[in-house]
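K.L.:
Residues per chain are reported as follows:
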Amino acid sequence: MMNSVLKVENLSISFGGLKAVDDLSFEIGDKMIYGLIGPNGAGKTTVFNCITKFYTPNSGKVTFKTNTGELINLLDHSVHQIINYGLARTFQNVELINDLSIIDNLLIGAHSQFKTSTLQQAFLTPRARREEKEHRGRAMDILNQLGLADKANEIAGSQPYGVLKNVELARTLMSRPKLIIIDEPAAGLNETETEALAEMIKKIRDYYHCAILMVEHDMGLVMGTCERICAINFGKKLAEGTPDEIKQNKEVQEAYLGKDDDDAEN
Amino acid sequence: MSILNKKQIQYIIFGIIAILLPILTQAKGSTITLLASIGITAIATLGFNVLLGFSGQISLGHGAFMGLGAYISAYFVSQMELPFFLSLALAAIIPFLVGFILGLIALRLEGHYLAIATLGFAVVIEEIFAEFSGFTGGWSGTKTTYPIIFGYKFDKLSVYILIIIILVILMILTYNFMKSATGRALVAMKKSEHAAQAMGVSLFKYKLLAFSISTMYAGIAGSLYIHFFRFAEPKLWGITLSLDLLAAAVIGGLGTIGGAVVGVAFLKVLPTVLQMLPVFGDFDGLAFVLTGVSIVVFVMFYPRGLINIPNDLYNKFFKRKRTEAEEVKA
Amino acid sequence: MDLFLQNIVGGLQSASMYGLAALGLVLIYKTTGVINFAQGELGMFNAFVAAWLYANNVPLVIAVLLTLIIAGIVGFLIEWGVMRHAVKIDPLGKMIMTMGFVMIAQGLAPMFFGNNPLYFPKLLQGDPISIGGVSILPNTILIIVITLGIMAALFYVLQKSKWGLAIRVTAENIQTAKLMGVPTKYVSIAVWTLGTALGALAATMVAPLTTVSVTMMADIHLKSFISAVLGGFATFYGPVVGAFIIGILNNLIGFYISSKWATAILYVFILIVLIFKPTGIFGKKHIKKV
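Chains as they are written, first to last, in the working numbering: chain A, 1 to 266; chain B, 267 to 596; chain C, 597 to 886.
Rather than coming from a laboratory, the hints here were simulated on the basis of the structure. Since we're looking at a predicted model, the values are computed, not measured. Cβ coordinates follow ideal geometry from the N, Cα and C atoms, glycine included. Treat the hints with caution; some may be incorrect.
[To be verified] Derived coverage of chain B by chain A (criterion: at least 3 residues anywhere in the stretch with Cβ under 8 Å from a Cβ of chain A; other residues may be distant):
| hint | segment |
| --- | --- |
| 1 | 282–296 |
| 2 | 454–468 |
[Stated by the list, open to error] Computed list of lysine-lysine pairs in DSS-like fashion (alpha-carbon distance at most 25 Å, straight line):
| hint | chain 1 | residue 1 | chain 2 | residue 2 |
| --- | --- | --- | --- | --- |
| 3 | B | LYS471 | C | LYS873 |
| 4 | C | LYS880 | B | LYS471 |
| 5 | B | LYS501 | C | LYS880 |
| 6 | C | LYS684 | B | LYS582 |
| 7 | C | LYS781 | C | LYS690 |
| 8 | B | LYS501 | A | LYS151 |
| 9 | B | LYS457 | C | LYS684 |
| 10 | C | LYS690 | C | LYS774 |
| 11 | B | LYS457 | C | LYS690 |
| 12 | B | LYS582 | A | LYS133 |
| 13 | A | LYS115 | B | LYS457 |
Looking at chain A on its own, in the form it has when it is part of the complex (with noise of 0.2 Å):
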């Protein structure tokens, strides 16, 4: 049985020749915060698209602890399936649905929850009807959780940036996911929000007994929020570790050195 609820191994992928991810393994524990950082350019995002199948990888396996205790690839599985197995994640451009209420959007977020089919929400039948309910007092709590209650019935698009990363966030608890997957949760926000964001951080891990993994430039977050960084470059692993230790690494600040930290990943 494995301790851990997400395992990458080997995992490669090139684009044209050009390796993006080269050999790569780490584990990330049960309920762990875990970081992933690097450069511009080191391949983070790229890893996170090759876990919830985004891009299809060379070689490697990704194995994965499910709601249910079993272990599977990911790789076996098409992207849509990922988030069934409780993998969840957010996107460094915020993907919300800009004409839609912010409920409506965390209750897309529990598409992969609804079991009545097409026909009976057409009719409205007494499942239909329950599930939706359910399914939106659940949204409401998560909510109510994250301090966003009050703006549940505002359209997204109307939303600040801020709010639309935590609405994100948001969404991605109504999957119940095991593991959350975060890309770049600082960007775009000024420093009191992210001090509130880690706050937030922990405070979803705690509240709601998942691993987060995320990808972020802010150090001061990182290193303030994750109990385990992994730090890459050009696509390989140079040191995995506590904060502390990452901290200390020789390689990892050589290849931060002269680096601009705030610089967003394209």
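Given the coordinates of chain A, assemble chains B and C onto it according to the supplied hints.
P.N.:
Chains B and C only, in chain A's frame:
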């Protein structure tokens, strides 16, 4: 007030008005024909809107699917002597299945393949309609009767009422599933395929669902068409009809239920109005040109469509005043 | 064998028309991301222009050349007057707009030129000549020669000239092209002008075989799309190769199996291609950035 805010109730009120209007005004036969034709086309457009407005796919074959529904219905009623409602059901199910199979092939890829595949379907099925004369009557067309249900023989007005009832039922059903998990998945897919996929929406499954549902609506519309007009010929169901549905959906308001009705009404009334204006009456094809221009103009400048004009005007002139007033108070 | 060759030659003639139209499609699609569903109907409109010019005693060759120029102007106006201002509209919206153009062209043609079909003659009159047992109309030879000539010239320009490079770079990635200083605005004007003219050329070639009518382009329009699907939208030459395969197949199926069902059989064939080789013969799968 709150019950009137329910969309389902609004649709029923719309239906009652649409039924009462010709009865109370003792409308001429030609007016009933116009209204019925709006109702029938609105059903197909409603389906088209599920496809285009909600899932972001284009079909040029919906006219062909309407034709399929029409011929199936006429064949089963007239040749096989099946009851009308059973034929109507078959005219819904068979196009649904054909759409499903076509979708299985054309929707696996991103992009424009459905539009091309349905363009081909439209051309090929027109030939099939023309050649399979045992089924369709070939170029000379096929005839059928007003429906007979449990011995009750429909007449023109009562078929019109039936059309409106079915339209309202479909509007309500569509509204219901569009406001639930299915609809949210479709909207998510249209706005951000990545987000939708990450949330567990299978793009293929939902595109296929939207397409099959929309071909089913087209089949129903076709069945009602042939039992109202009691005649159909192959050239009715070409690309032009599909483009009309597209135009109605775009002009009425993509992704809206009421837009389908408003868009169709606009397109059907336009030529009549043009004919009444002496300057424009002489030009064949002018309605076509204006429809085309409307498509371009609406896509470019007002993609929300006619249905949203009252709302947007209201928001523009009244909401702002109110917020200004609130600001003053604060 | 002679019959077979005869059919191949006939197929080459249709292939020429499909190929010209398909090349027009893919030029616009690859550089601007717009699938121009109005290609066929714009061709139809321009065929009316040609027939009208001819009916008004403009010499045939001049009528064709004038038509090509007018078609170019129509394409220019569509890009410069409309599409250019739709940069913010998504590809779906642009595709819908081209369907609006279809209706405009179908409505304008009878307004300008009346409801009756017009006559347009072959460019080259004359009796069939026999070459190795295959009898060919001079006009057929001319169509094939013109098409091959135009294609050779276009591909030469695409591969060798500065303009061709600009078009290819824009097709590869419009953002990069802009950054590298490629005048993408002129590229889209150029492809719309050229694409519409190619469609018009195909239309003037088919006009003598049918008549000039609102529905004259239905077949070519569909077959050019099928050609593009078969060859794949990924390259400029794919659709042209697709057109030659479709053109020849179309004739062979029509002759050996059933002329009535040739289009239907081809359509089923293309569906099968979509199942097994969904991106077409020369298609590539590209990875979308997340």
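K.L.:
It remains to establish, for every hint, whether it holds in the given structure.
P.N.:
Now for the hints, and whether the structure bears them out:
Counting residues of the segment 282–296 of chain B whose C-beta sits closer than 8 Å to any C-beta of chain A gives 0, which falls short of three, so the coverage hint is violated. Counting residues of the segment 454–468 of chain B whose beta carbon lies closer than 8 Å to any beta carbon of chain A gives 12, which reaches the threshold of three, so the coverage claim holds. Under the criterion of a C-alpha separation no larger than 25 Å, the hint pairing LYS471(B) with LYS873(C) is consistent with the structure, at around 20 Å. A C-alpha spacing of about 24 Å is found between LYS880(C) and LYS471(B), which places the hinted pair at or below 25 Å, so the restraint holds.
Of the supplied pair hints, the one linking LYS501(B) and LYS880(C) is violated, its CA atoms being roughly 38 Å apart against a limit of 25 Å. Between LYS684(C) and LYS582(B), the direct Cα distance comes to roughly 23 Å. Compliance with the 25 Å bound is thereby established for this hinted pair. Between LYS781(C) and LYS690(C), the direct Cα distance comes to roughly 16 Å. Compliance with the 25 Å bound is thereby established for this hinted pair. Simply put, LYS501(B) and LYS151(A) have alpha-carbon atoms about 53 Å apart, too far for the 25 Å limit, and the pair is violated.
A hinted pair counts as satisfied when its Cα atoms are at most 25 Å apart, and LYS457(B) with LYS684(C) qualifies at roughly 15 Å. A C-alpha spacing of about 21 Å is found between LYS690(C) and LYS774(C), which places the hinted pair at or below 25 Å, so the restraint holds. Using a Cα cut-off of 25 Å, the hinted pair LYS457(B) and LYS690(C) holds, with the two alpha carbons roughly 16 Å apart. For the hint linking LYS582(B) to LYS133(A), the alpha-carbon distance of about 34 Å lies beyond 25 Å, and the restraint is violated.
A threshold of 25 Å between alpha carbons decides the hint, and for LYS115(A) with LYS457(B) the separation of about 23 Å falls inside it, so the pair holds.
Hints 1, 5, 8 and 12, counting from the list given before, are not met by this structure.
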